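**Q** On the provided structure of chain A, position chain B as indicated by the hints.
Protein chains: 2
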Amino acid sequence: MLKGNAVVGQSGGPTSAINATLSGVIRGCAKANEEGVIKTLYGMRNGIEGFLEERLVDLGSHFPDEEWLATLETTPAAALGSCRRKLKSHDVDAATYERMFEIFKKYDIRYFFYIGGNDSMDTVLKLSEYAKEHKYELRVVGIPKTIDNDLMATDHTPGFGSAAKFVATTVKEILRDVSVYTVKAVTIVEVMGRDAGWLTASAALPEISGDGPDLIYLPERVFDTEEFIASVKSAMEKHPAVLVCASEGIRFADGEYVGSGGQSGAVDAFGHKYLSGTGKVLENIVKEKLGCKVRSIELSLPQRCAAHIGSLTDINESVGVGMAGVRLALLGNTGVMATIERSAEKEYSVSYGMADIRTIANEIKTVPMDYINEAGNGVTEKCLEYLRPLIVGETAVKYENGLPKHVII
Amino acid sequence: MLKGNAVVGQSGGPTSAINATLSGVIRGCAKANEEGVIKTLYGMRNGIEGFLEERLVDLGSHFPDEEWLATLETTPAAALGSCRRKLKSHDVDAATYERMFEIFKKYDIRYFFYIGGNDSMDTVLKLSEYAKEHKYELRVVGIPKTIDNDLMATDHTPGFGSAAKFVATTVKEILRDVSVYTVKAVTIVEVMGRDAGWLTASAALPEISGDGPDLIYLPERVFDTEEFIASVKSAMEKHPAVLVCASEGIRFADGEYVGSGGQSGAVDAFGHKYLSGTGKVLENIVKEKLGCKVRSIELSLPQRCAAHIGSLTDINESVGVGMAGVRLALLGNTGVMATIERSAEKEYSVSYGMADIRTIANEIKTVPMDYINEAGNGVTEKCLEYLRPLIVGETAVKYENGLPKHVII
Numbered sequence: 559m560l561k562g563n564a565v566v567g568q569s570g571g572p573t574s575a576i577n578a579t580l581s582g583v584i585r586g587c588a589k590a591n592e593e594g595v596i597k598t599l600y601g602m603r604n605g606i607e608g609f610l611e612e613r614l615v616d617l618g619s620h621f622p623d624e625e626w627l628a629t630l631e632t633t634p635a636a637a638l639g640s641c642r643r644k645l646k647s648h649d650v651d652a653a654t655y656e657r658m659f660e661i662f663k664k665y666d667i668r669y670f671f672y673i674g675g676n677d678s679m680d681t682v683l684k685l686s687e688y689a690k691e692h693k694y695e696l697r698v699v700g701i702p703k704t705i706d707n708d709l710m711a712t713d714h715t716p717g718f719g720s721a722a723k724f725v726a727t728t729v730k731e732i733l734r735d736v737s738v739y740t741v742k743a744v745t746i747v748e749v750m751g752r753d754a755g756w757l758t759a760s761a762a763l764p765e766i767s768g769d770g771p772d773l774i775y776l777p778e779r780v781f782d783t784e785e786f787i788a789s790v791k792s793a794m795e796k797h798p799a800v801l802v803c804a805s806e807g808i809r810f811a812d813g814e815y816v817g818s819g820g821q822s823g824a825v826d827a828f829g830h831k832y833l834s835g836t837g838k839v840l841e842n843i844v845k846e847k848l849g850c851k852v853r854s855i856e857l858s859l860p861q862r863c864a865a866h867i868g869s870l871t872d873i874n875e876s877v878g879v880g881m882a883g884v885r886l887a888l889l890g891n892t893g894v895m896a897t898i899e900r901s902a903e904k905e906y907s908v909s910y911g912m913a914d915i916r917t918i919a920n921e922i923k924t925v926p927m928d929y930i931n932e933a934g935n936g937v938t939e940k941c942l943e944y945l946r947p948l949i950v951g952e953t954a955v956k957y958e959n960g961l962p963k964h965v966i967i
Numbered sequence: 559m560l561k562g563n564a565v566v567g568q569s570g571g572p573t574s575a576i577n578a579t580l581s582g583v584i585r586g587c588a589k590a591n592e593e594g595v596i597k598t599l600y601g602m603r604n605g606i607e608g609f610l611e612e613r614l615v616d617l618g619s620h621f622p623d624e625e626w627l628a629t630l631e632t633t634p635a636a637a638l639g640s641c642r643r644k645l646k647s648h649d650v651d652a653a654t655y656e657r658m659f660e661i662f663k664k665y666d667i668r669y670f671f672y673i674g675g676n677d678s679m680d681t682v683l684k685l686s687e688y689a690k691e692h693k694y695e696l697r698v699v700g701i702p703k704t705i706d707n708d709l710m711a712t713d714h715t716p717g718f719g720s721a722a723k724f725v726a727t728t729v730k731e732i733l734r735d736v737s738v739y740t741v742k743a744v745t746i747v748e749v750m751g752r753d754a755g756w757l758t759a760s761a762a763l764p765e766i767s768g769d770g771p772d773l774i775y776l777p778e779r780v781f782d783t784e785e786f787i788a789s790v791k792s793a794m795e796k797h798p799a800v801l802v803c804a805s806e807g808i809r810f811a812d813g814e815y816v817g818s819g820g821q822s823g824a825v826d827a828f829g830h831k832y833l834s835g836t837g838k839v840l841e842n843i844v845k846e847k848l849g850c851k852v853r854s855i856e857l858s859l860p861q862r863c864a865a866h867i868g869s870l871t872d873i874n875e876s877v878g879v880g881m882a883g884v885r886l887a888l889l890g891n892t893g894v895m896a897t898i899e900r901s902a903e904k905e906y907s908v909s910y911g912m913a914d915i916r917t918i919a920n921e922i923k924t925v926p927m928d929y930i931n932e933a934g935n936g937v938t939e940k941c942l943e944y945l946r947p948l949i950v951g952e953t954a955v956k957y958e959n960g961l962p963k964h965v966i967i
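Order-wise, the sequence lines are chains A and B.
If you read the first sequence in this note's numbering, its first letter stands for residue 559, the second for the next number, and so on.
If you read the second sequence in this note's numbering, its first letter stands for residue 559, the second for the next number, and so on.
Looking at chain A on its own, in the form it has when it is part of the complex (with noise of 0.2 Å):
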């Protein structure tokens, strides 16, 4: 057994149950530490760059605190606070690399828990691997987070789950409420989601009950302004109120976002452009072609933080992650991502895996073809089969003063 201590960090995005994950984390080294393998724990503020400063945190302390650790399980976004710095090549930034392990030796720090989406995986694999060539032995394993559910080697990603069902949820209660009113009216919601459209396609599961929204557009397909009016206009034929669900990633045949009409091509860190506006710009769409009432609703951050309509079942597997990525690293894997794997069984159950990280770091996992009807405006039966299970479940969120308990580290 590898002695010595542990660091785990939260990067990028925040979601609804990545502290579910932390606590997990906290959970499988508390086990550690009654063996005497790893003797504190600590977590680094703001990722790798707070860890660059030496911003430590020594989460020992909550080992046994089974309340604190039950509310960090449903306080959303990052406790530890987040970054979006991405590592460069130790060959372009060599002074980075000598910083961050001169910390490690400083702390002997030898187990390493990043908890990210594919730009902390990279961070992830250029660790372990220069850990590696200068024979560090620190064990660098990744745990993965985002709301998209476009990370390879896993069946789906934790803090989906919970963004699901939020989704869903409003888009359910939404479409209640549009519905009053006997008057044509067209209402857009636009879901998160720059390249996968997993997110969009969960506002589909009120249709298990009967429900749902009219038509549901996916970056997966190209977006064609002419089938979206015939098939407004079809549905309006059915009832006044029509609702669509849009990501904010579709596309135009010729690779332009929709939602880029409104923007100023400005970039993110990692080059991504800034999004936002397809709703507006659909609803634009609508209101010179159909001349009907119109609105657009972007369902913008709470997506990745109403952790009070959080799935139980993403929180226990949020969880279940962390601790499985702990055992990993104790089992002396390094470079690696621990998954979830949904088994073959007809009844819903995941078990925990682990996957290469060379794998997974800067590859996108896209919702499949013969998930997406033909007509390329909604779903097939075998996507709501697959996100069904995630959603269900509701947590045990605790209240005080009628609001949502939250840990704040």
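Some hints here could point you the wrong way.
As the list claims (entries may be wrong) - No more than 30 Å apart at the CA atoms, straight line, and that leaves these computed lysine-lysine pairs for BS3-like:
#1 A:Lys646 <-> B:Lys742
#2 A:Lys742 <-> B:Lys963
#3 B:Lys589 <-> B:Lys646
#4 B:Lys851 <-> A:Lys963
#5 A:Lys963 <-> B:Lys589
#6 A:Lys923 <-> A:Lys690
#7 B:Lys742 <-> A:Lys644
#8 A:Lys847 <-> B:Lys663
#9 A:Lys644 <-> B:Lys663
#10 B:Lys796 <-> A:Lys963
#11 A:Lys597 <-> A:Lys664
#12 A:Lys847 <-> A:Lys644
#13 A:Lys646 <-> A:Lys663
#14 B:Lys589 <-> B:Lys963
#15 B:Lys847 <-> A:Lys838
#16 A:Lys923 <-> A:Lys940
#17 B:Lys644 <-> A:Lys845
#18 A:Lys742 <-> A:Lys597
#19 B:Lys851 <-> A:Lys646
#20 A:Lys838 <-> A:Lys589
#21 B:Lys845 <-> A:Lys838
#22 A:Lys838 <-> B:Lys742
#23 B:Lys561 <-> B:Lys690
#24 B:Lys791 <-> B:Lys845
#25 B:Lys690 <-> B:Lys742
#26 B:Lys838 <-> A:Lys956
#27 B:Lys589 <-> A:Lys644
#28 B:Lys644 <-> A:Lys851
#29 A:Lys597 <-> A:Lys693
What the hints assert, rightly or not - Covered by chain A, according to a simulated footprint, are these stretches of chain B (three or more residues, beta-carbon under 8 Å):
#30 736-744
#31 760-768
#32 953-961
To be clear, the hints were calculated from the coordinates, so they are not data collected in a lab.
This structure is a prediction, so every number in the text was calculated from the model and none was measured.
The C-beta atom is built at its ideal place from N, Cα and C for all residues, glycine as well.
**A** Same frame as chain A, but now just chain B:
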């Protein structure tokens, strides 16, 4: 006792609690049915719009159905459908009144319950006066609902508490989300409320647990761009992530809506100017004056339909005021609105009363000046004390396939 049938309608914008009040009316009429006073309770589809077309549904069939009623109580939006139709004066449009009273006679309707906001109370006023003048014995009772909490004569309105709980919960979750990074950033949350700032004020509720947004702007105070920028700057000195909540209805000193920048001046059926874009306008002001990262979030329709996070206090009172409305009518009242009265005791409790509809219709109750802080960018302790009990308690939402179960009539 005036024997005959009853009819109930829902009017105006949806809320998360308007169906709880419908359930209260059904429960009240079930009791009156047992006593042999009310035989049948009809529901009018789409308010008076559907009533005029005799689109009625027999709600008496649900009298003993406890499970159905409980599910109805946590179903958002108007299950009977709604309308925005306002009755013209009978001098101008006698035909509509004649048609309505023809239907009253045809169905032997002696009790008319109308659940709605100030525009709907105007309908109650006009119908009760017309009935008196034309000597048709009809008991017309208004039952309040509005997320805006802007009705006179009642301590607060059914539907407000649930909307306030949604706003406060979402603001608290957004605060967790935006606080994860170290980059200076401003987030602006736009809250519904054209003339009254009650719902925006409820964004301050997390303050009770030491949390909450930095700045809150209500329509009751003139919006001053200089003060806004200075206050954002000063908040940013304390922490990088600044959270601002602003009502859609805030105005500049010249009376112009802040949000009217992006608007075409379109008005709704009641001549109210359509508003949206207040958040966007503030976002652009910050971008221009401070140059930092800034985003705006419009909470939009979920404010009035996110029944999954309803306030138990609100839902219970919404049922209670519906039942109270029926009692008022049975006792011989007409042209009145049922009200909620808060006890003067330290411990929060309510009773139900009534008010003459003439003191309510077309009036607006705004947030008192001593509920707003001196700088006009936050609320006072007195305001928090008023709001605090209204969001207490969580409703027992039933879930099916991971999603809230709804009743569809």
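**Q** A separate judgement is required for each hint: does it hold in the structure or not?
**A** Status of each hint after checking the structure:
Between the alpha carbons of Lys646 (chain A) and Lys742 (chain B) the distance comes to roughly 23 Å, so the proposed pair stays at or under 30 Å and holds. Annotation: proposed proximity of Lys742 (chain A) to Lys963 (chain B) holds, straight-line Cα distance about 26 Å (limit 30 Å). The straight-line distance between the Cα atoms of Lys589 (chain B) and Lys646 (chain B) is roughly 34 Å, outside the 30 Å bound, and the hint therefore fails. At most 30 Å may separate the alpha-carbon atoms for a hinted pair to count; Lys851 (chain B) and Lys963 (chain A) meet this at roughly 28 Å.
As the CA atoms of Lys963 (chain A) and Lys589 (chain B) are separated by approximately 40 Å, the hinted pair breaks the 30 Å bound. Distance restraint check for Lys923 (chain A) and Lys690 (chain A): the Cα-Cα separation of roughly 28 Å lies within the 30 Å cut-off, and the hinted pair is therefore satisfied. Proposed proximity of Lys742 (chain B) and Lys644 (chain A) is supported: the alpha carbons are some 19 Å apart, at most 30 Å. For the proposed pair Lys847 (chain A) and Lys663 (chain B), the alpha carbon gap of about 45 Å is over 30 Å, so the pair is violated.
Under the criterion of a C-alpha separation no larger than 30 Å, the hint pairing Lys644 (chain A) with Lys663 (chain B) is inconsistent with the structure, at around 75 Å. With a C-alpha separation of about 23 Å, the suggested pairing of Lys796 (chain B) with Lys963 (chain A) holds against the 30 Å cut-off. Of the supplied pair hints, the one linking Lys597 (chain A) and Lys664 (chain A) holds, its CA atoms being roughly 14 Å apart against a limit of 30 Å. Between Lys847 (chain A) and Lys644 (chain A) the alpha-carbon distance is near 44 Å, which puts this suggested pair outside the 30 Å criterion.
Taken as a hint, the Lys646 (chain A) and Lys663 (chain A) pair is honoured in the structure, with Cα atoms around 21 Å apart against an allowance of 30 Å. Under the criterion of a C-alpha separation no larger than 30 Å, the hint pairing Lys589 (chain B) with Lys963 (chain B) is consistent with the structure, at around 27 Å. Between the alpha carbons of Lys847 (chain B) and Lys838 (chain A) the distance comes to roughly 25 Å, so the proposed pair stays at or under 30 Å and holds. The straight-line distance between the Cα atoms of Lys923 (chain A) and Lys940 (chain A) is roughly 17 Å, inside the 30 Å bound, and the hint therefore holds.
Taking the CA atoms of Lys644 (chain B) and Lys845 (chain A), the gap is about 26 Å. The hint holds against a cut of 30 Å. Only pairs whose Cα atoms come within 30 Å are accepted, and Lys742 (chain A) paired with Lys597 (chain A) is rejected, the gap being roughly 65 Å. Only pairs whose Cα atoms come within 30 Å are accepted, and Lys851 (chain B) paired with Lys646 (chain A) is accepted, the gap being roughly 24 Å. Under the criterion of a C-alpha separation no larger than 30 Å, the hint pairing Lys838 (chain A) with Lys589 (chain A) is inconsistent with the structure, at around 51 Å.
Under the criterion of a C-alpha separation no larger than 30 Å, the hint pairing Lys845 (chain B) with Lys838 (chain A) is consistent with the structure, at around 20 Å. Between Lys838 (chain A) and Lys742 (chain B) the CA atoms are separated by roughly 27 Å; this keeps the pair inside 30 Å, and the hint holds. Using a Cα cut-off of 30 Å, the hinted pair Lys561 (chain B) and Lys690 (chain B) holds, with the two alpha carbons roughly 17 Å apart. Among the hinted pairs, Lys791 (chain B) with Lys845 (chain B) is consistent with the structure: their alpha-carbon atoms are about 12 Å apart, no more than 30 Å.
Straight-line distance between C-alpha atoms of Lys690 (chain B) and Lys742 (chain B) comes to about 64 Å, which puts the hinted pair past the 30 Å bound. About 34 Å separates the Cα atoms of Lys838 (chain B) and Lys956 (chain A), which puts this hinted pair outside 30 Å; it is violated. Taking the CA atoms of Lys589 (chain B) and Lys644 (chain A), the gap is near 67 Å; set against the 30 Å cutoff, the hint is violated. The hinted pair formed by Lys644 (chain B) and Lys851 (chain A) meets the criterion: a straight-line CA distance of about 19 Å does not exceed 30 Å.
Our distance criterion of 30 Å between C-alpha atoms is met by Lys597 (chain A) and Lys693 (chain A), whose separation comes to about 22 Å. Given a C-beta distance limit of less than 8 Å, the hint that chain A covers the segment 736-744 of chain B holds, as 5 residues qualify and 3 suffice. With a threshold of 8 Å between beta carbons, the proposed coverage of the segment 760-768 of chain B by chain A holds, since 4 of its residues qualify and at least three are required. Counting residues of the segment 953-961 of chain B whose beta carbon lies closer than 8 Å to any beta carbon of chain A gives 5, which meets the minimum of three for the stated coverage.
Checked against the numbered hints given earlier, the structure breaks hints 3, 5, 8, 9, 12, 18, 20, 25, 26 and 27 and satisfies all the rest.
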